[in-house]
Every structure is written in structure tokens, then in C-alpha cells.
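Undergrad: If you want the building blocks of each chain, they are given just below.
2 protein chains.
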Amino acid sequence: MADKSLIQPRTLKGFRDFPPGAMIPREQLVDAAKRVYRSYGFAPIDTPALEYTEVLLGKGGAESDKQMYRFEDHGGRDVGLRFDLTVPFARFAAKHIGELGTPFKRYHVGPVWRGENTQRGRYREFLQCDFDTIGTSSAVSDVESALVIHDLFRALGFERFTIRINDRRLLTGVLEHLGLVERQTDVLRALDKLAKIGAEKVAAELVEAAGASEQQAAAVLAFASLEGDPAALLDQAAPMVGASEVGRAGVDGLGALFEAVAAAGTDPARFALDPSIARGLDYYTGTIYETFLDDLPGIGSCCSGGRYDDLAGLYTKQHLPGVGASLGVDRLLAAMEELGLTDGAAAPCPVFLPMLDEGKEQEYLALAGELRRAGVGVELYPEARKLGAQLKYADRRGFRFAVIAGGREFDAGTVQVKDLASKESREVPREDVAAAVSGARG
Amino acid sequence: MADKSLIQPRTLKGFRDFPPGAMIPREQLVDAAKRVYRSYGFAPIDTPALEYTEVLLGKGGAESDKQMYRFEDHGGRDVGLRFDLTVPFARFAAKHIGELGTPFKRYHVGPVWRGENTQRGRYREFLQCDFDTIGTSSAVSDVESALVIHDLFRALGFERFTIRINDRRLLTGVLEHLGLVERQTDVLRALDKLAKIGAEKVAAELVEAAGASEQQAAAVLAFASLEGDPAALLDQAAPMVGASEVGRAGVDGLGALFEAVAAAGTDPARFALDPSIARGLDYYTGTIYETFLDDLPGIGSCCSGGRYDDLAGLYTKQHLPGVGASLGVDRLLAAMEELGLTDGAAAPCPVFLPMLDEGKEQEYLALAGELRRAGVGVELYPEARKLGAQLKYADRRGFRFAVIAGGREFDAGTVQVKDLASKESREVPREDVAAAVSGARG
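Protein chains in written order, with this note's numbering: chain A, 322 to 763; chain B, 322 to 763.
A few of these clues could be false.
Note that the list lumps identical chains together, so a pair holds whenever it fits in one copy or between two copies.
With a cut-off of at most 30 angstroms between alpha-carbon atoms, the simulated DSBU-like pairs for lysine-lysine come out as follows [to be verified]:
# : residue 1 : residue 2
1 : K522      : K681
2 : K416      : K744
3 : K334      : K387
4 : K416      : K707
5 : K638      : K522
Calculated directly from the structure, the hints in this document are not laboratory data.
Just chain A, with the same shape it has in the complex:
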């Protein structure tokens, strides 16, 4: 029964608390992503959570408009909470690129907010984790984007994943060759449904909505259904683009990209050419990436992106082509948990130090200080209680080791090191504790 004088400690629907058990894997994932991004020269930026509505909706359509948290601030300004990191990056680039210079490589990790219908299992606040290279059209940046995705998934511990790659120019080439290029948007809209509604219904839509003949529809579907290793697939695709220049550029670009990711030392089996992926309608103009976990294909793409012609045309005349991708943090965490890839230890440090003897607080504090200076994180229980109760606390928190010391050990200059998983204990000299728990995360 609720006490009426208390305020109910509830959260808003679609918003989440993250207790340590949920937050520690999130921090580990974000840290791993940042390490990979930095190892390619991507630098961090941040932008405000709140921006002028005019700035945020410049790029958004009706969907963003309805979903955005929008209100009037204390100064009567029409403001909103950012609903992605792409629009703020475009605004940021327009404002700062003159001073920063190009090419400019940034990563950005931060929350975004959308007042979506939560019944679809969506959250109204979620973390985005994006990286982009802007100010260059070099194909090297497309290759590096694929390599960053590869290194990310490896760093997170995934073994079996496939980065599916396509190039918009390929389909444009096919449509040019078929004389359907003016209907490209309608064709993309139909093809986007291929996995969901099947080839027959897509063919019907291509005829009805995109004005294709039955032969043209069949040719488009034959292209989108191509399978095989990249080189063989491109051999089949090449005649389908005929003499289309943009189509040939797509064929050559993809050929070079798959060669380059292999030359960079990756396992080529992790990269696939998939002519069926389209990703939205107008934004991407070149390479497209989607990343699937081979063991959990139903979860959908966990990292997606591609190349675009111009990032910030709404805010600046400076032409800023770019390429990048966005990590699906919530999906990846769910997958890592399902596949047992999250570090089992939920504790923020490896060692638990129970306090056994009242009156010896200073000796416990000194021992804990010694361990920390040796690089070993340690939580000291703040009150002298029975060992059993303290070890229950340690189990619940997920510590890997308990370092146990009482009057006898302090006198002898030793401690008991107990492995909390195997329950095995051994006595070691105090100066050897760090070595005895080494290999444990700091």
C-alpha cells in the first residue's frame, strides 16, 4: 500500500533506468566503440541536447516533426530535443568546418529522444553512437567505414557476423539500362519490401507503382536477387548495367572495396555483396552497409550506414560529401547478452575486501590503498559484519575475488585470496596480492 505522503518514484513510459547490471555492459560497449573509432583517427564531438526547432526540423520530414519533444523555453524560443545525431552534426559541420578543415572524421555518442509509440517496443530515449568522414569523396573512406564496422564487432567479441554491402550506383545503373531511372524512388520503395512481402508482390508493385513493364520488373528483381561471392556477383551484375556510366562506377567501386577490405587483413567471409539492400529513399548515394549477426539474423541490422552526397546543404553552401554509420546500441547489447558475450562480472572492480575486525578500519583502508596503487580495484565493505553476510553481498555484486584479512593476517603480513567462482582460497603474502588476482579487470 502506497503511503499517500510519498511521491511515487515512477519513470516516464519509454524511458529507462540503468542499474549497474545494465549500465556496466553499456559502458563497456561504448568504450570499445570509442577505442575503435579513435584507432582510425575519428575524434569525439558533442552538441547540445536542445536546439532551435527550425534547425532540427530543417532536414526532418513529417515523421520527425510529430515525434520530436518540442516546447517553448524560458525566453519564448521554439526549441526541441534532438531526435538523431545526424541533423545536429550537419548543423555543427556548417558552423565549424571552416575552422576544422576537411577531411573531418568525427564520432558522437549521446542520447536522442523521440516521442514514439512505445507499443512497437521502441524507447523514447536511446543512445546513438555514430561515426562519419566528411569532406572527401575518396573510396578509401568507404573502405575504412567497412573496416571500422568489422573491428567494432570483433572488439565486442562477435565471431560470426556479416557486413552486407551494396552501392546505390549499381541499381541506378540497372535502371538507366532499363530506362526506368526516373522512377528510381518508386523502385526503391518497392524493393525495400523484398524481404518482407516477397518477389511476387514486389514485382506487382514495380508494375503498378513504378510503371515498369513485367519484363522490366523481372529484370530489376533478377538483379536484386543476385547472390554469390562479390567477384562472381559483380561479373553477373556488369551486363545488367549495360553502358551506364554510374552503373559501371558502382561495379568497379564495389570490386575495389571488397579487394581492399581483404588487403587490410580481414577475413573476406565477413563481407558480403547484397544487391537487395537499399536503406531508405533519398539520403544515400553510394556505398550502403548493413551488419547482421549470423547467429541472430532476426534481430536485424546492428550497424548501418552509407555514403551521401552532401551532409549540410540546408545550413551551408559548402559541399560536404561523406560516409559513415551508426551502431545499434540496444540491439547489440541484447545480442551480446543472448550470446553470452557480456563480461559475466557485474562488479565495477575485481576485488572485494570484507571488514572483519572493528577498530582495524585504518589497516583495511591501508590494504585497499596498497591494492589500488598496484593497479587493482577493490571495494572495502564499510562495516565490520559476519564474513558470511559480507560474502553474500560480494556474490550478489559479482566480484571475482575476495581478499580476506583479520587480526591474524595483519600480524602475519598475509591475506587469504578467495576465488568467488571456484570458492577456492589460498594464503599469500600481502605484497603478492596484486599478482594473485592479476588478469582481473582493473
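Fit chain B to the supplied structure of chain A, relying on the hints for placement.
TA: Showing chain B alone in chain A's frame:
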């Protein structure tokens, strides 16, 4: 002249963009803080940016009320952006502590929002970085809070800093002894102005606003003005609390605390007892911490906190005493820059790899991959351009080394390693590059 068809890429007053030059030191500071927090067993949590207004204003006074960004969401709920991390932590604790158990040690790093007057040099969006231990009244947690602050400042590279410590119980004891304890709030309000308006005016306010006699005012000021090393100062303070039990507990507690921080292996000169610090009116009930940089005293306290009797009484009947502190991120970054403590290298990785030969993209990608697998972060310039132009880019970005290779080096299996600060180059075998740039941040 602005193009009228473009949207002006402006940000809201009081809100900031963080380009890499500002963001890299921020990330380093936050990472260092998290490492120290974790090394004491503090675990990360996060809470929503948006909460029910009722939840946020439960603890807030009129000040928070006016400053809070508050609006109606899509579902007609009265919601607001959090204005600190303490209120959300109280709400979080009330909701989850049953499942988490006590003691519970958490850190929380996240943005908060206040629609403050920006003319006082305040930001409307800023990062907070808090740690707290709740569910225990053990003095060991007070000692550890001081040690965490100490280790934090050391981890950030500060040598000369002073953690000023006081205990509310000391002043309470003095006021009990003087028969002024019922006017404690008025006394605190007057004492809080000591540094700003001086002893004479505080004495007048004690008389006028707190109803003290001139003798009582002089005694309060004599206490607040005590100086000296902690043991000597406590010897002088002890008679001032007379027979007050709470006052004696304060004297004993502080004595034990200063002994314990020294026993933990710190330099005692970094901890001072300062009877004049009060920190607000009602929240803190025991230990109080403020941290000053000896070289930049004017910047104010860069890490403040203390012990409180009950965190979450507005939301739960469970009594949750605690102790913690909050890092002043913006102040510390300003200080680190002024004192030259920020890592000079603004680049996110140590090595820059210029691209000299068009057509050799794959060899450059392979070399970059080799370096990354050896643990060395490297940015590959994506386009073949003149070396001079690329090195200018590298200088601007703040890389420490350039690894230079063209056709000759690829054939010979060597590279030129150029130190971008000293401008010295040397040729090394390709397999030795990682060693040649070792010591460089990954």
C-alpha cells in the same frame, strides 16, 4: 552575407558545441574519473533526462522550479529535464534499492539542464559527475569519499590541491554549547558569507538575523576562524563544543578521518580542516568536502560534497543515509588548460599516415591495419596529395608521429617515422613501427 534560403546553423544561448579540441580533454577527464570511481567499487548507473515534474520538484525549492525546462509531452504529461543528478538518484534509489541492496555505491555522469541567467557565466547545459555511497552511516565511507577526491585529482595530474574538510556536527556542538542551536539555519546563512563579506559584517548579521549576543557572535567567529593542522585545530575546537554530544562526535570523527586518510597512504598536507565551510543550509549533516587548487584558488571548489542523513525520504520510507561528492567538470577543464595539464596532443590517435602514391591505396590500408593490430591507432589520409599539404593537416590535428611510405619504402619493407614535434625522421623496418612510436597513446 547570409544566403536567405539557408537555415542559420546557430545554437541556443548557454548551450555549447564541443569540437574535438574541447571534447578530447573532456573525455579524458571523464574516463579518469570513472577509473577512480570503479577502483573503489562505485558502479555506473543512468537515469532518464526527462522525468515527471512532480518527481523532479519534490526536492527542489523555488529556484529549481523556475530554472527547470518544463513542458507537456505528447501524452499530456507534465515533464521536465533533470536539473541535477541528486534528485534522479533519490528517485532511482527509492525504486530499486530493495533489489540492489545496501550499501550501494554508484557513480553517474550525465548532462543536466537549467534555464539560468547566462550572464553570470553559467551554462544551461552542463555535465555532472557524481559519486555516492548510500545505505551506511559508517565513517569508513566518509574516509573513502575523501580518498576518492584525492585519487581523482592525482589521476588528472594535479600536484598542488587541498581537500578542505569540515563536519557539520562541530558547528552544531558549538551552537549547542552557546545555546544558539535553534538558530543554526540563520547562523549557517551568515557564516556562508564569511569569505565574501568578512568577519565584521558576518558578526553584525549573526546579531541581527540570528539573534546572537555580541559575545556569542564573537565565539562563533572565533570557531569559524580556527586554523592550523587538524590535530592542533581539534584540540582548540574541543573546548568550544563543551559537553555537546554531537559536537564531541564531530571532534572525534574528524580526528579519526584525518588519521585514516594518512594511514591510507596519502600526503596529509593535501587534507585540511576548515571550520568555516558550511555548504548550503539543510542537506548536509556530517562531513563536508570542498577541493581547491592551490595554484588557482580563485576558481573556487572543484569537487564538493558531504554526508547527509537521508537521501530519498520524499519517495520512500526506507532510511538511506549517505555520503558523496560531485566533480566540477567545467571548472576542472578550465584549470587543467590554464595549468597545462591537458594532453597537448589533440588528435584521437598518435600516428598519421599520409597517402603519397595514387593506386597504392591497398598497400596503405594494409600498413594501417598492421599498425592497428599492433595496438597503434593511425589515421590514413584518404586522398593522394602533396606530402607538405598532408603534413600541414597532421600538424593542425595534433598528431605526434607521421609514418611516411611511398613506392620506395613499400618495396624496401621500411617506413620513415617522423616525430612531428621535433621534425626528426628516421627510417625503420616496417615491423618495427609500433616499437618506434611506442609510448604514444593508443
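Undergrad: Next step is simple, just say for each hint if it's right about the structure.
TA: Each hint tested on the structure:
1. K522 x K681: neither (77 angstroms within a copy, 46 angstroms between copies)
2. K416 x K744: The answer is neither: 59 angstroms in one copy and 33 angstroms across copies each exceed 30 angstroms.
3. K334 x K387: both (17 angstroms within a copy, 25 angstroms between copies)
4. K416 x K707: Classified as between; 28 angstroms across copies, 61 angstroms inside a copy.
5. K638 x K522: neither (42 angstroms within a copy, 60 angstroms between copies)
Of the numbered hints stated above, those contradicted by the structure are hints 1, 2 and 5, listed in ascending order.
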